Amino acid sequence: MSKEKKFYLTTEGLKRIKKEYEIFKKLRLAKTNGGEAPKIWESEDLNPEYLSFQEDLSFLETKIADLENILKNAKLISRPSKRKQNVVDLGATVTAEIDGETDEFTIVGTLEADPSNNKISNESPIGQCLMGKKVGETVVVKIPPKNPIVNHSCKITKIKYNRI
Amino acid sequence: MRYVKEFEVNMRELSQKEKVLFKKLVSATKLVAPLYSKQKNNKYPGADFYPHDANKEEIKEAAKNNPAILDPYTFVERDKSGKLIAVPYHLKFKKELKKISQLLKEAASLSSDKKLKVYLLSRAEALTTDNYDKSNILWLKTENSKIGCIIGPFDRYIDKLFFKKRAYMAWIGILDEKRTKEAKEIEALVLSSKRKYLPGAKKAEIAGVKVRLENTAIFSGLIADFMFVGNNLPSSGDLSLIKKYGTLFTVFNPVLKFRFEKWIFPIFRAIFGKNIQKKYSKKELYRAFVRSVILHEICHSLMRYEDSVTRLQEYFPFFDELYTDILGVKSYGFILLKDAITQKELETLLLVFVCRNLHWLHSVSTHPHLIHYATGGAISLNFLLEGGALKKENGIFRPNLQKLFICLDQLSHILDYYVALGNYNESKEFIKKYGQFNSFKKYFAPKLREIKKT
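Protein sequences, first through last, are from chains A and B. Quick note: the first sequence, position 104, residue 104 per the numbering used here, numbers continuous. Quick note, the numbering used here runs 1000 ahead of the 1-based positions in the second sequence.
Watch out, some of these pointers could steer you wrong.
According to the in silico footprint, chain A covers these stretches of chain B (three or more CB under 8 Å from chain A) [to be verified]:
hint, segment
1, 1189-1200
2, 1334-1341
Below, computed lysine to aspartate or glutamate pairings styled on EDC-like, alpha-carbon distance capped at 16 Å [what the hints assert, rightly or not]:
hint, chain 1, residue 1, chain 2, residue 2
3, A, K155, A, D99
4, B, K1196, A, E104
5, B, K1196, A, D99
6, B, K1194, A, E104
7, A, K158, A, E137
8, B, K1262, B, E1450
9, A, K119, B, E1185
10, B, K1181, A, D114
11, B, K1210, B, E1143
12, B, K1184, A, D114
13, A, K142, B, D1339
14, B, K1184, B, E1143
15, B, K1243, B, E1205
16, B, K1194, A, D103
17, B, K1196, A, E101
18, A, K26, A, E61
19, B, K1194, A, E97
20, B, K1194, A, D99
21, A, K142, B, D1409
22, B, K1038, B, E1077
23, B, K1092, B, D1071
24, B, K1210, B, D1176
25, B, K1278, B, E1345
26, B, K1196, A, D103
27, A, K31, A, E49
28, A, K75, A, D89
29, B, K1178, B, E1143
30, B, K1203, A, E101
31, B, K1194, A, E101
32, B, K1196, A, E97
33, A, K119, B, D1339
Calculated from the structure, these hints are not laboratory results. Note that the coordinates shown come from a computational prediction; the quantities given were computed from them, not determined experimentally. Built from N, CA and C at the ideal position, the CB exists for glycine as well.
This is chain A alone, in the form it adopts within the complex (with noise of 0.2 Å):
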């Protein structure tokens, strides 16, 4: 039996998450107005408006889904204990010289990865090479991992926990 896949989300993501399943939820209801298609669509031929209401409610249906999964399988991102905040883990912010710049950025789940905005997904290269790493450590990301084209050399300065 194959393992679920853990969804790692902030308080915040996760109340954003309920709120757009609720809304989504919402919008199904008003689609089919707690029942089927309206009669009147159905025909023997395919009509427009038919196709239209299912493709809709098809999408809805499976963005539901998507987010029932998602608020099954969500682990909250917590502060670790003051113990382990001087190794890297979800929800930390990292400092690194990365060949020659300085970079910081906030390490999430994949969900909530926003690179723009310097939210970086722990699954990302540079976050899967960075979990479980302290201060001083250098690591080396390779992209791809057999005859890398970018090879870079990252080493943390700097490891915090905000409120999250």
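Starting from the known structure of chain A, arrange chain B on it as the hints suggest.
Leaving out everything else, chain B in the frame of chain A:
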């Protein structure tokens, strides 16, 4: 009309009043072309900014007593006694600038966009005084205006003697909101990290870079002559201004499309084999091309030093353009680490980088103003060939993308030295040694012969 280029543009987003405003700006733009005609002259390094019989030493000597001689907005002429004097642009072109200024004021009166209105009025005045700082600052505030307008003397490319005199240009366009939003995201990614500067380098911190993609309606003057895909203003010559207020770079959609269809894609198909062509679609290549242009413009703000132009003089633009291009590629590598792009997107960008440099080299014989870019292209290609990043096999070129990225990384460190600390003589030597076109002529030119030059 010479030095005017018009493009098809959809004006459905403009109200009736805005359409009238737009037309007035287009009329003003067209009037800039004759001013540029009186500045440009490919026969002389100093174009028509200086007397053709005046050499660098004489001009420098005259400037000691009269600094206006090397002012960005003056022509240098001889008076009746043969002495060098400075004639301000606003006096030389008084009649023409009055007409342009009037059209800007009329356009301003029709604008409900306050920032655009204030800018147009200020620029109308600046044209008649040659004091552009205030209107440059106001122009920066129009980054989100539906109608974009640049008009005046800005870039220094045609002054190959001192790289000081500003040439007239103008463009008008309509904001492309969707692509501008995407560009801002890339900008945020690139600018999120802080660079380290070489010890002893006099870095110039730039306030910030704004980005804007436009559906351009018209080019006039230098920009119509050079047909850049993008332009970053205020000019690097206005360093104190850009340190405090940043820059705004405008990318021109119609030129992007033209350059890609006419040059980049045909070069890609001519140089690389079928297996490479199958792997990277036209759509992916176009996207990479647009990204490379945006990255280039963003990275112009990353490598500003207080004294680069003073140290390198006319060699500055050679280093400026190449280093900026390579920094763009490197930045894309950093973005890949963060999963903001895919590995394939980086690969496509690397291939487009090669094609862009080949385009400069292929075009420079008919467009001599591309010499800065072409020499940069030659430097890149010489490094890539030497480093084994490009190998010729059975008439086509096989790229080793790993070596390509490494070579460009190595070259970026070398260029960083010259831009940050290098002096005039050593820069000259570097260009002389690595900027030769021989490899291009031997290996690539035959393959590109069939691509028609325009």
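Worksheet item: Which hint numbers doesn't this structure obey?
Response: Of the numbered hints given earlier, the structure breaks none, since each of them holds.
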